[in-house]
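The residues making up each chain are set out below.
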Amino acid sequence: MALALALVIALITLATVAVFAARIWWFPAVISAHGPAVDHQIVLTMYVTGAIFVLAQLALAYLIWRHRDRGDGTRARFFQGNNKLEATWTIAAAILFIGLNLMGYRVWAGLHFMGAEPGSTQIEVWGQQFAWYFRYPGPDGRFGPTHVDKVDDATANYLGLDRDKDQDSKDDIVTSTLAIPVNHPVQLILRSKDVTHSFFVRELRFKQDLVPGMIIPVHFTATQTGRYELACAELCGLGHYRMRAFLQVLSDEDYKKWLENMAAAQ
Amino acid sequence: MAEVVHETEHRHEAPRGFIRRYIFSLDHKVIGIQYWFLALFSVFVGLTLSIFIRIHLVWPQAHIPLLDKLSPTGAPHGQITPEYYLALLTLHGTIMVFFVLTTAPQGGFGNFALPIQIGAEDMAFPRLNMLSFWTTFVGLVVIMLTFFVGDGPPISGWTAYPPLSAVGGASGPGQAVGQNLWIISIAIFCVASMLGALNFIATTLDLRARGMSLMRLPLTCWAWFITAILSLLSFAVLLAAGALLLLDRVGGTSFFIPGGLIVSDKIINHTGGSPLLWQHLFWFFGHPEVYIAILPGMGATSHIVSTFARKPIFGYKAMVGAMGAIGFLGFMVWGHHMFISGMSPYSAFAFSVLTMAIAVPSAIKTFNWLGTILGGKLRFPTPMLFALGFVSLFVTGGLSGIFLGQPAIDLFFHDTYFVLAHFHLIMGVAAIFGIFAGTYFWFPKMFGRMLNETLGKIHFWITFVGVYAIFMPMHFLGLVGHPRRYSEMSGFEFLKPLIGLHEFISLGAFITGAVQLVFLFNVFWSIFKGAKAPANPWEATTLEWTVSSPPPHDNFAGKHPVVHHGPYEFGVPGAEKDFIMQDSPEKVTAGN
Amino acid sequence: MCALGYDHMGTTTLTKPETPIRIDRGGPSGGGFGGDGFGGAEFGEARPWRVPDRAYRTAMWMGLTSIVMLFAAFTSALVVRKGLSDDWVSFAIPRILWLNTAVLLASSGSLEIARRALAKRIGSSFTGWLYATTALGVLFLIGQWTAWRELAFHGVYLASNPSSSFFYLLTAAHGLHLSGGIIALLYLVFRSRAITSGLQRRTAVDVAAIYWHFMGGLWIYTFFLLMTRF
Numbered sequence: 000m001a002l003a004l005a006l007v008i009a010l011i012t013l014a015t016v017a018v019f020a021a022r023i024w025w026f027p028a029v030i031s032a033h034g035p036a037v038d039h040q041i042v043l044t045m046y047v048t049g050a051i052f053v054l055a056q057l058a059l060a061y062l063i064w065r066h067r068d069r070g071d072g073t074r075a076r077f078f079q080g081n082n083k084l085e086a087t088w089t090i091a092a093a094i095l096f097i098g099l100n101l102m103g104y105r106v107w108a109g110l111h112f113m114g115a116e117p118g119s120t121q122i123e124v125w126g127q128q129f130a131w132y133f134r135y136p137g138p139d140g141r142f143g144p145t146h147v148d149k150v151d152d153a154t155a156n157y158l159g160l161d162r163d164k165d166q167d168s169k170d171d172i173v174t175s176t177l178a179i180p181v182n183h184p185v186q187l188i189l190r191s192k193d194v195t196h197s198f199f200v201r202e203l204r205f206k207q208d209l210v211p212g213m214i215i216p217v218h219f220t221a222t223q224t225g226r227y228e229l230a231c232a233e234l235c236g237l238g239h240y241r242m243r244a245f246l247q248v249l250s251d252e253d254y255k256k257w258l259e260n261m262a263a264a265q
Numbered sequence: 000m001a002e003v004v005h006e007t008e009h010r011h012e013a014p015r016g017f018i019r020r021y022i023f024s025l026d027h028k029v030i031g032i033q034y035w036f037l038a039l040f041s042v043f044v045g046l047t048l049s050i051f052i053r054i055h056l057v058w059p060q061a062h063i064p065l066l067d068k069l070s071p072t073g074a075p076h077g078q079i080t081p082e083y084y085l086a087l088l089t090l091h092g093t094i095m096v097f098f099v100l101t102t103a104p105q106g107g108f109g110n111f112a113l114p115i116q117i118g119a120e121d122m123a124f125p126r127l128n129m130l131s132f133w134t135t136f137v138g139l140v141v142i143m144l145t146f147f148v149g150d151g152p153p154i155s156g157w158t159a160y161p162p163l164s165a166v167g168g169a170s171g172p173g174q175a176v177g178q179n180l181w182i183i184s185i186a187i188f189c190v191a192s193m194l195g196a197l198n199f200i201a202t203t204l205d206l207r208a209r210g211m212s213l214m215r216l217p218l219t220c221w222a223w224f225i226t227a228i229l230s231l232l233s234f235a236v237l238l239a240a241g242a243l244l245l246l247d248r249v250g251g252t253s254f255f256i257p258g259g260l261i262v263s264d265k266i267i268n269h270t271g272g273s274p275l276l277w278q279h280l281f282w283f284f285g286h287p288e289v290y291i292a293i294l295p296g297m298g299a300t301s302h303i304v305s306t307f308a309r310k311p312i313f314g315y316k317a318m319v320g321a322m323g324a325i326g327f328l329g330f331m332v333w334g335h336h337m338f339i340s341g342m343s344p345y346s347a348f349a350f351s352v353l354t355m356a357i358a359v360p361s362a363i364k365t366f367n368w369l370g371t372i373l374g375g376k377l378r379f380p381t382p383m384l385f386a387l388g389f390v391s392l393f394v395t396g397g398l399s400g401i402f403l404g405q406p407a408i409d410l411f412f413h414d415t416y417f418v419l420a421h422f423h424l425i426m427g428v429a430a431i432f433g434i435f436a437g438t439y440f441w442f443p444k445m446f447g448r449m450l451n452e453t454l455g456k457i458h459f460w461i462t463f464v465g466v467y468a469i470f471m472p473m474h475f476l477g478l479v480g481h482p483r484r485y486s487e488m489s490g491f492e493f494l495k496p497l498i499g500l501h502e503f504i505s506l507g508a509f510i511t512g513a514v515q516l517v518f519l520f521n522v523f524w525s526i527f528k529g530a531k532a533p534a535n536p537w538e539a540t541t542l543e544w545t546v547s548s549p550p551p552h553d554n555f556a557g558k559h560p561v562v563h564h565g566p567y568e569f570g571v572p573g574a575e576k577d578f579i580m581q582d583s584p585e586k587v588t589a590g591n
Numbered sequence: 000m001c002a003l004g005y006d007h008m009g010t011t012t013l014t015k016p017e018t019p020i021r022i023d024r025g026g027p028s029g030g031g032f033g034g035d036g037f038g039g040a041e042f043g044e045a046r047p048w049r050v051p052d053r054a055y056r057t058a059m060w061m062g063l064t065s066i067v068m069l070f071a072a073f074t075s076a077l078v079v080r081k082g083l084s085d086d087w088v089s090f091a092i093p094r095i096l097w098l099n100t101a102v103l104l105a106s107s108g109s110l111e112i113a114r115r116a117l118a119k120r121i122g123s124s125f126t127g128w129l130y131a132t133t134a135l136g137v138l139f140l141i142g143q144w145t146a147w148r149e150l151a152f153h154g155v156y157l158a159s160n161p162s163s164s165f166f167y168l169l170t171a172a173h174g175l176h177l178s179g180g181i182i183a184l185l186y187l188v189f190r191s192r193a194i195t196s197g198l199q200r201r202t203a204v205d206v207a208a209i210y211w212h213f214m215g216g217l218w219i220y221t222f223f224l225l226m227t228r229f
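Protein chains in written order, with numbering that gives the first Met the number 0: chain A, 0 to 265; chain B, 0 to 591; chain C, 0 to 229.
For reference, chain A alone in the conformation it holds in the complex (with noise of 0.2 Å):
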């Protein structure tokens, strides 16, 4: 019996540490100026906690087998403690665990300590049940105001712009596409219409709720042009499964150029 079990904690052991190091499921190339930074700290944690998931269970499966009773009469050893022992690797895991974290801290500082940086492209990413809309405030660089009472799917008014009577909402453009231009700092403005929903792309390494009653600003740069699927990663009701759009990352120019389509097609 006590073969068995360390055998099998072993092998499991092995097995999962294998799976992790072949990278057969990882996560896709990073498309953003933060990301490696993310990248570098998954990896680093992956290998702390790896020689540390090792580390254990083999202890435990070593010790399962060693000190099976061999029904030889004899007793256990008779300890029952030891400070020292006890202090060391509490410390030790202190150290260990808190400093891990501290590493991490210049990422998440730089997401989000800062504001973006002045000049950056701002772009509004509303949710909704169960659709992404963005709005690009156009050449008067300000978005119009929404109105609730405006709102009707069913003539494309995702938002609820006056367009007559609000001069800033004139020249807003609204996209089920998010299209950024390349290695150029983003800001994005996250509104939701009805519950929360959260934007995650997992290329960008980045992911932020879009909370109703509030206006989330996150911001990035994304370093690589393509196309790669939004996620919705809050539930938020039966479709969440099917919440999908695009995110776009195009040249300056196929940038320009979408912008213009796009708002002669408003």
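Note that these hints are calculated values from the structure, not bench results. Wrong hints could be hidden among the right ones.
[As the list claims (entries may be wrong)] Below are the DMTMM-like pairs computed for lysine to aspartate or glutamate, each with C-alpha atoms no more than 20 Å apart in a straight line: (1) Lys456(B) x Asp167(A); (2) Lys256(A) x Asp139(A); (3) Lys265(B) x Asp148(A); (4) Lys576(B) x Asp71(A); (5) Lys265(B) x Asp161(A); (6) Lys576(B) x Asp68(A); (7) Lys149(A) x Asp163(A); (8) Lys265(B) x Glu228(A); (9) Lys83(A) x Asp71(A); (10) Lys149(A) x Asp264(B); (11) Lys265(B) x Asp151(A); (12) Lys586(B) x Glu575(B); (13) Lys256(A) x Asp148(A); (14) Lys169(A) x Asp139(A); (15) Lys495(B) x Glu228(A); (16) Lys255(A) x Asp170(A).
Go by the hints and put chains B and C onto chain A.
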């Protein structure tokens, strides 16, 4: 002084009649068993729900028989709709967290064993105890009712975030009556838990037998005691949150609902509330809740590992201190569920440092379990297998927390299957293993019969390998970025390649789920036909093993034990046997 | 395998007369007795087991902490709700609340007089002052209801404004808990003869008093909150 008051005199005559003995019983042993059966029923409901979930994920079009009878709109022709999928997962989480993990370890084993372990005849307040159980029962009835009324159970998850949970039927099916009943059920459960906690605390502090000092308490008693304190303080906050949510839903208030919302083309006539306020209140409860779920399992594991390693627990005082630290710190880390929520990023960082801190006492406990096994003489009956399984699973589940506790990493893993892997391994498996370990360990004392060892071992082996097969791959799904609570993979290109992994997980779930029937059979068969249990089949040391199996009605047949030894005096040099019972007058002692 | 535990309990002679032993929580050891001198359970001597008075007090204090947590949660909800939004409209607290406060404080006073009468074994006085306390408690609740009616008369309801939501919430929560206290007092009135004669422990009175006084204190806190934060 006049005659002792009649109420205490009646208490310890054994009751007569089926109703008084088994239904409305004041006996903590019966009440403990009642809680345990309630949890047993609940876990099979929760397990069935999870099987439906796993079926739907790999075969979304499957026709599940009888489901169309349960919910013609939710599962027409037995095919689970996306909304019904969410209803199933909401009740899966709610029932498992509350009616299994908060019930069996504390209400079940705690009630059964605590009074005997401390040398008392019963809990301090037997009537309150009975009331606590029946209130919990009512809570379970109400939550089960959601399957059958209105348009089904709520779909907002066990976490019930507003506005989804607050704006009523507009936000989805089940969000009208179903959500109201959910809130009521949970509120009832809160009251029942707090009443139970009072009993545990007063009993532990004031009813200990002579010689049973706090430092001679078995670690199970410490775990139940600390858990009771956590329950007392945290459930009150959940009750407050539930009251506010209910008021938002039916009273027209706006605690959690901001203005300017339009849900399903309907303008919501509320203003000024904060969805984040709910999250703060809920998680202020929710984080201590997970420690409520795991601490008794830690106590049981320490107890069982020491018993079957024939060695004292390594670092008794450190173990007590670690449980206390976990309990205390547990109140300060709730924000780690909210890193991405829109909460202040500075608070997020503070919470994350405290979260890392809580990993330290958890590590201490793990080292001490290993230290207990070191130098031991291990025996491997089924309770020991599950206790050792607990240690392995606790390490695995705990380590994924190291990722999630760092906000820079959480921003990728939040709300993905990585989180699912973490909390299932810790709660859905380690804590469950604690319950299994406790069951196999105390079953002889509870029912006077031994569980079948062979069936127990089959149960252990398949479950142990099975849970790793189910939940390890979820880390990989998380690495790819697979979001939670998605009823299908059809909505996203990046999810489609993951169907193979889902099939593996579901297969593991079906097999592991099936083997639980072996356990169920073992339990019911053994209650009636199991080998008669002696007083101390495990050669354990604590007071419950000094009395018959099952114990006499008043636990000690009119005697009052006097304690002379600590709880883990195994292998004491110079002792007559390799264990010394706590009430033994033997002079050789471990010096506690 | 170990046989039934009683075998190794030896016999030691009892040197004290048999009185019900209270399990006091003096020092670190559970009974305040040392190890071996006092043999403990003697064969054939079944002492009636008593739940010590102390346990009831412990439970009451513990129960009060959970009520504190409930109100702490409501308080933090209030602070957050008021701070986060700009739709908070303050309103004047109905003046009857001052009277209600006085009534409730008076009821704590009358309860203490009742307890003193009990200590002196004056049964009629004890019962009488219990009745007075209960009546004052009921009067308080009527006063609270009157305050609600006054607000309703001015069109201020639960959902009118977050400030009124909290007003109704806090006063209702307090009132609900106080009602529980009134039920406890009525129980004491019902059992007053048994209590005065010593047939039933006085602990019930002491513990009900702790709860009642706490309700008074909780009201003072709530009143203060309504006055300053509204």
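Hints broken by the structure, by number, lowest first?
-> 1, 8, 9 and 13
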